[in-house]
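Chains as they are written, first to last, in the numbering used here: chain A, 147 to 562; chain B, 147 to 562.
Accuracy of the hints is not assured; some may be wrong.
Because identical chains share one entry, a pair is satisfied inside a single copy or across any pair of copies.
[Stated by the list, open to error] EDC-like mimics (lysine to aspartate or glutamate), calculated; alpha carbons at most 16 angstroms apart, straight line:
(1) K154 <-> D411
(2) K211 <-> E358
(3) K254 <-> E499
(4) K209 <-> E546
(5) K251 <-> E499
(6) K442 <-> E218
(7) K254 <-> E546
(8) K426 <-> E201
(9) K214 <-> D296
(10) K254 <-> D520
(11) K198 <-> D411
(12) K251 <-> D180
(13) K410 <-> D473
(14) K211 <-> E422
(15) K211 <-> E493
(16) K293 <-> E195
(17) K251 <-> D520
These are computed hints drawn from the structure, not numbers from a lab. Just so you know, these numbers come straight off a predicted model, no measurement behind them.
There are 2 protein chains.
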Amino acid sequence: MTIVAVAKKAREASRRVADLPGSVRNAVLLDLADRIAGRETEILTANSEDMKAAEAAGVDAPKLKRLKLTPEGLRQMREGLRQIAGLPDPVGQVTRSYTVPSGLKVEKVRTPLGVIAMIYEARPGVTIDAFALCFKAGNACLLKGGKEADRSNRLLASIARESLDANGAPADAMHAITSSDREELKTMLTLSDDIDLVIPRGGAGLIRFVHEHSRIPTIQHFHGVCHVFVDKGADLEKALEIVATGKTSAPATCNTTECVLVHKDVAEAFLPRLIERAGKDGVEIRGDESFVGAAKGAAHVRSATDADWGTEYLDLILAARVVDSFDDAVAHIGRYSSGHTEAIVTEDNATAEDFCRRVRSSCVLVNASTRFNDGFQLGLGAEIGISTSRIHAYGPMGLEGLTIERFVVRGDGQTR
Amino acid sequence: MTIVAVAKKAREASRRVADLPGSVRNAVLLDLADRIAGRETEILTANSEDMKAAEAAGVDAPKLKRLKLTPEGLRQMREGLRQIAGLPDPVGQVTRSYTVPSGLKVEKVRTPLGVIAMIYEARPGVTIDAFALCFKAGNACLLKGGKEADRSNRLLASIARESLDANGAPADAMHAITSSDREELKTMLTLSDDIDLVIPRGGAGLIRFVHEHSRIPTIQHFHGVCHVFVDKGADLEKALEIVATGKTSAPATCNTTECVLVHKDVAEAFLPRLIERAGKDGVEIRGDESFVGAAKGAAHVRSATDADWGTEYLDLILAARVVDSFDDAVAHIGRYSSGHTEAIVTEDNATAEDFCRRVRSSCVLVNASTRFNDGFQLGLGAEIGISTSRIHAYGPMGLEGLTIERFVVRGDGQTR
Numbered sequence: 147m148t149i150v151a152v153a154k155k156a157r158e159a160s161r162r163v164a165d166l167p168g169s170v171r172n173a174v175l176l177d178l179a180d181r182i183a184g185r186e187t188e189i190l191t192a193n194s195e196d197m198k199a200a201e202a203a204g205v206d207a208p209k210l211k212r213l214k215l216t217p218e219g220l221r222q223m224r225e226g227l228r229q230i231a232g233l234p235d236p237v238g239q240v241t242r243s244y245t246v247p248s249g250l251k252v253e254k255v256r257t258p259l260g261v262i263a264m265i266y267e268a269r270p271g272v273t274i275d276a277f278a279l280c281f282k283a284g285n286a287c288l289l290k291g292g293k294e295a296d297r298s299n300r301l302l303a304s305i306a307r308e309s310l311d312a313n314g315a316p317a318d319a320m321h322a323i324t325s326s327d328r329e330e331l332k333t334m335l336t337l338s339d340d341i342d343l344v345i346p347r348g349g350a351g352l353i354r355f356v357h358e359h360s361r362i363p364t365i366q367h368f369h370g371v372c373h374v375f376v377d378k379g380a381d382l383e384k385a386l387e388i389v390a391t392g393k394t395s396a397p398a399t400c401n402t403t404e405c406v407l408v409h410k411d412v413a414e415a416f417l418p419r420l421i422e423r424a425g426k427d428g429v430e431i432r433g434d435e436s437f438v439g440a441a442k443g444a445a446h447v448r449s450a451t452d453a454d455w456g457t458e459y460l461d462l463i464l465a466a467r468v469v470d471s472f473d474d475a476v477a478h479i480g481r482y483s484s485g486h487t488e489a490i491v492t493e494d495n496a497t498a499e500d501f502c503r504r505v506r507s508s509c510v511l512v513n514a515s516t517r518f519n520d521g522f523q524l525g526l527g528a529e530i531g532i533s534t535s536r537i538h539a540y541g542p543m544g545l546e547g548l549t550i551e552r553f554v555v556r557g558d559g560q561t562r
Numbered sequence: 147m148t149i150v151a152v153a154k155k156a157r158e159a160s161r162r163v164a165d166l167p168g169s170v171r172n173a174v175l176l177d178l179a180d181r182i183a184g185r186e187t188e189i190l191t192a193n194s195e196d197m198k199a200a201e202a203a204g205v206d207a208p209k210l211k212r213l214k215l216t217p218e219g220l221r222q223m224r225e226g227l228r229q230i231a232g233l234p235d236p237v238g239q240v241t242r243s244y245t246v247p248s249g250l251k252v253e254k255v256r257t258p259l260g261v262i263a264m265i266y267e268a269r270p271g272v273t274i275d276a277f278a279l280c281f282k283a284g285n286a287c288l289l290k291g292g293k294e295a296d297r298s299n300r301l302l303a304s305i306a307r308e309s310l311d312a313n314g315a316p317a318d319a320m321h322a323i324t325s326s327d328r329e330e331l332k333t334m335l336t337l338s339d340d341i342d343l344v345i346p347r348g349g350a351g352l353i354r355f356v357h358e359h360s361r362i363p364t365i366q367h368f369h370g371v372c373h374v375f376v377d378k379g380a381d382l383e384k385a386l387e388i389v390a391t392g393k394t395s396a397p398a399t400c401n402t403t404e405c406v407l408v409h410k411d412v413a414e415a416f417l418p419r420l421i422e423r424a425g426k427d428g429v430e431i432r433g434d435e436s437f438v439g440a441a442k443g444a445a446h447v448r449s450a451t452d453a454d455w456g457t458e459y460l461d462l463i464l465a466a467r468v469v470d471s472f473d474d475a476v477a478h479i480g481r482y483s484s485g486h487t488e489a490i491v492t493e494d495n496a497t498a499e500d501f502c503r504r505v506r507s508s509c510v511l512v513n514a515s516t517r518f519n520d521g522f523q524l525g526l527g528a529e530i531g532i533s534t535s536r537i538h539a540y541g542p543m544g545l546e547g548l549t550i551e552r553f554v555v556r557g558d559g560q561t562r
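Work out the full structure: start from the sequences and follow the hints.
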């Protein structure tokens with residue numbers, strides 16, 4: 147089937163999905179969890195074939211790690227499905243309700259977006275997770291995962307379609323796009339009559355490609371160049387933990403801390419401690435002159451070049467710089483931030499509030515790690531990703547972000 | 147200055163605008179109202195030159211009407227500025243606030259989008275209105291109105307820039323793009339680093355052009371093919387008023403009623419009354435067989451062709467059809483609606499609720515005219531247009547639609 151035909155089928159299915167009661171949508175997700183449990187061996191076999199092919203093709207270790215499914219990973223996948231089934235139904239939620247002078251009763255009501263296309267890495271777990279979120283929010287989806295996960299995705303999609311079919315929902319609400327043909331992707335990105343939203347998630351090359359070719363509204367989940375500013379009013383104990391764990395707890399995630407800015411008034415006290423901690427944690431510091439000076443020749447501290455500011459390392463590397471003032475910190479962030487996540491460490495409330503007002507990233511934190519910019523941590527129940535687009539959804543995007551509010555108005559014969 | 151340079155200036159200005167207190171933003175709008183009052187003769191002269199040139203170029207009457215500024219129009223423009231200045235400040239509004247298990251206090255806070263580019267018809271009033279809304283919401287804007295309004299727009303923009311400058315706000319927060327060069331527009335649509343949102347408003351050709359060339363997120367304000375369904379449970383008095391005034395009160399607006407669907411059970415009672423009323427109102431009906439039959443040869447009722455379903459007439463013409471059932475009405479709307487506005491007339495609550503659930507246009511009304519899909523009528527205080535995109539904003543788009551919610555999180559040293 148051509149991508150044009152697939153998108154048309156998804157559009158048709160989306161109308162039926164939007165009409166399904168929440169109980170049916172939840173039943174599909176619970177049924178899918180059971181089917182995944184029942185077919186674990188088959189899934190692991192398909193995945194190990196993907197792994198073998200990827201290894202033979204020389205795919206690198208981090209990518210292989212993301213590709214691999216394990217019994218524990220499948221348990222989490224099932225658990226995720228059950229959690230999403232248990233979340234409140236966003237469809238039909240009334241977010242506001244008021245009466246206007248004409249006597250009309252106005253409601254804003256959440257409604258599905260329609261058809262969502264997601265383009266992502268070779269991570270089979272995302273296939274099930276993205277389907278579950280899109281479908282729970284009443285949408286059909288086209289899921290195009292990285293080609294290395296082809297066998298895994300194809301099998302998972304066919305199981306999901308079985309669950310849809312078995313519960314009276316349209317199987318065409320879920321399509322795994324298995325071709326890795328860029329021409330086909332280009333075509334898909336023009337199908338604005340049948341696709342309402344495109345979510346690209348991944349590296350700069352993919353985002354650029356989608357950006358260049360999409361005629362469909364796009365919300366990008368792009369990179370995070372997350373800063374922590376250690377203010378002169380900081381509790382340095384808190385600052386040390388926030389910076390150190392912000393880098394080490396999951397260095398390859400978009401919410402990892404990539405750059406620390408230290409106010410000059412606390413540099414003398416803070417730099418040696420941070421340098422020592424980084425040494426213990428195996429973190430390389432790319433620092434300015436002050437850091438290099440404070441390092442006294444320690445091998446893990448190197449001179450930063452201009453290219454280090456604004457770089458997303460996704461590795462045990464931390465850019466580090468001393469700033470003369472709060473304003474300089476805000477200016478550095480304004481220039482190099484990717485709009486993802488920024489944090490300040492300070493006990494001074496006025497400074498904290500100023501930071502929250504003037505730094506307008508998708509998530510701004512006071513005295514907490516950048517790693518908390520995450521749908522689960524911020525109470526969304528789930529997330530399909532973290533948007534760095536300043537439109538529709540900015541920051542973690544949960545079920546609500548997969549809906550749109552429309553107006554429902556009840557009158558008694560009003561005309562104008 | 148090239149469009150690339152203009153957009154860069156707008157981007158720089160947008161950062162300063164977002165930092166301005168609401169009192170300064172309001173002062174600019176009030177100052178602008180005063181300046182417009184003081185320079186009325188100059189503005190009317192510039193506009194009459196635009197009118198003369200447009201007349202000489204053979205521009206049609208409806209377009210000339212939209213182009214023309216009058217003392218009364220300028221009074222409304224000033225009144226609009228004062229009203230917008232008086233609206234609550236959306237910037238910094240906390241829309242939600244809660245604490246998560248880790249102890250983090252999470253807020254969702256409205257923040258400006260950044261730089262908004264609007265592309266619209268030759269309507270100089272929109273230039274001031276769009277600037278006021280964008281700026282009130284903390285944004286910079288690039289406003290590209292139709293070329294026929296060039297002199298009017300250029301003068302109005304220069305006055306707005308004076309107001310910005312006089313109040314300590316950056317003049318570059320407002321740019322009127324006066325060139326009508328399509329190549330320049332194409333270039334503008336690629337400047338995604340410096341423009342956050344494009345709002346095209348106007349005819350199908352313009353929307354298509356923007357759609358084809360934009361690399362920037364776009365919210366379209368497209369056409370309205372608005373339906374009214376007269377259910378078998380309708381109060382026919384209400385139905386008659388809703389359909390008749392929905393067509394006649396402002397036939398050239400996007401929320402005018404373009405098509406009426408009548409349940410067969412009330413056709414015998416309703417059709418003759420609607421046909422009679424249309425005759426009095428000077429409305430032409432393009433009807434199906436039932437309507438033509440009921441018309442008994444009346445000259446203002448003609449046979450509809452397939453092309454009439456889904457047509458936006460923007461004129462005193464109404465498509466009309468009898469349907470066999472509620473489901474047929476919903477199916478007709480599903481097929482031909484532009485997602486703008488749909489209404490049902492019925493006293494049967496269950497049917498009304500079913501309609502509200504199954505018809506997912508940007509605004510769905512019960513027992514009220516489609517003409518109420520309007521930011522002022524629905525209590526938004528103002529509107530920059532009515533979005534038919536199912537992303538970011540769907541329906542009337544007011545100040546809130548010109549902002550985005552971000553996450554502000556306060557902790558006490560939390561790490562993970």
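Quick rundown of the hints versus the structure:
Taking the shortest Cα distances, K154 and D411 never come within 16 angstroms of each other, neither inside one copy (61 angstroms) nor across copies (35 angstroms). For the identical chains of this complex, K211 and E358 are neighbours neither inside a copy (30 angstroms) nor across copies (39 angstroms), given an alpha-carbon limit of 16 angstroms. Taking the shortest Cα distances, K254 and E499 sit within 16 angstroms of each other only across copies (14 angstroms), while inside one copy they are farther apart (31 angstroms). Taking CA atoms no more than 16 angstroms apart as the test, K209 paired with E546 passes in neither setting, with 30 angstroms inside one copy and 41 angstroms between copies.
Proximity of K251 to E499 under the C-alpha cut-off of 16 angstroms is restricted to the inter-copy arrangement: shortest distance 14 angstroms between copies versus 38 angstroms within a copy. When the C-alpha separation of K442 and E218 is checked against a cutoff of 16 angstroms, the pair qualifies neither within a copy, at 45 angstroms, nor between copies, at 75 angstroms. Both within a single protomer and between protomers do K254 and E546 lie at most 16 angstroms apart by alpha-carbon distance, with minima of 13 angstroms and 13 angstroms respectively. Taking the shortest alpha-carbon separations for K426 and E201, neither the intra-copy value of 33 angstroms nor the inter-copy value of 78 angstroms comes in at or below 16 angstroms.
Only within a single protomer do K214 and D296 lie at most 16 angstroms apart by alpha-carbon distance; the minimum there is 12 angstroms, versus 60 angstroms between protomers. Taking the shortest alpha-carbon separations for K254 and D520, only the inter-copy value of 14 angstroms comes in at or below 16 angstroms, while the best intra-copy value is 27 angstroms. Proximity of K198 and D411 under a CA criterion of 16 angstroms is satisfied in neither setting, with 54 angstroms inside one chain copy and 66 angstroms between copies. Taking identical chains as interchangeable, the C-alpha atoms of K251 and D180 are never at most 16 angstroms apart, the minima being 43 angstroms within one chain and 36 angstroms between chains.
In this assembly of identical chains, the alpha carbons of K410 and D473 lie at most 16 angstroms apart only when taken from the same copy (12 angstroms versus 70 angstroms across copies). In the homo-oligomer, the alpha carbons of K211 and E422 never lie at most 16 angstroms apart, since the shortest distance is 30 angstroms inside one protomer and 73 angstroms across protomers. Proximity of K211 and E493 under a CA criterion of 16 angstroms is satisfied in neither setting, with 40 angstroms inside one chain copy and 60 angstroms between copies. In the homo-oligomer, the alpha carbons of K293 and E195 lie at most 16 angstroms apart inside one protomer (13 angstroms), although the nearest pairing across protomers, at 61 angstroms, exceeds that limit.
For the homomeric pair K251 and D520, the shortest alpha-carbon distance between copies (14 angstroms) is at most 16 angstroms, but the shortest distance inside one copy (36 angstroms) is not.
In summary, the numbered hints that this structure violates are 1, 2, 4, 6, 8, 11, 12, 14 and 15.
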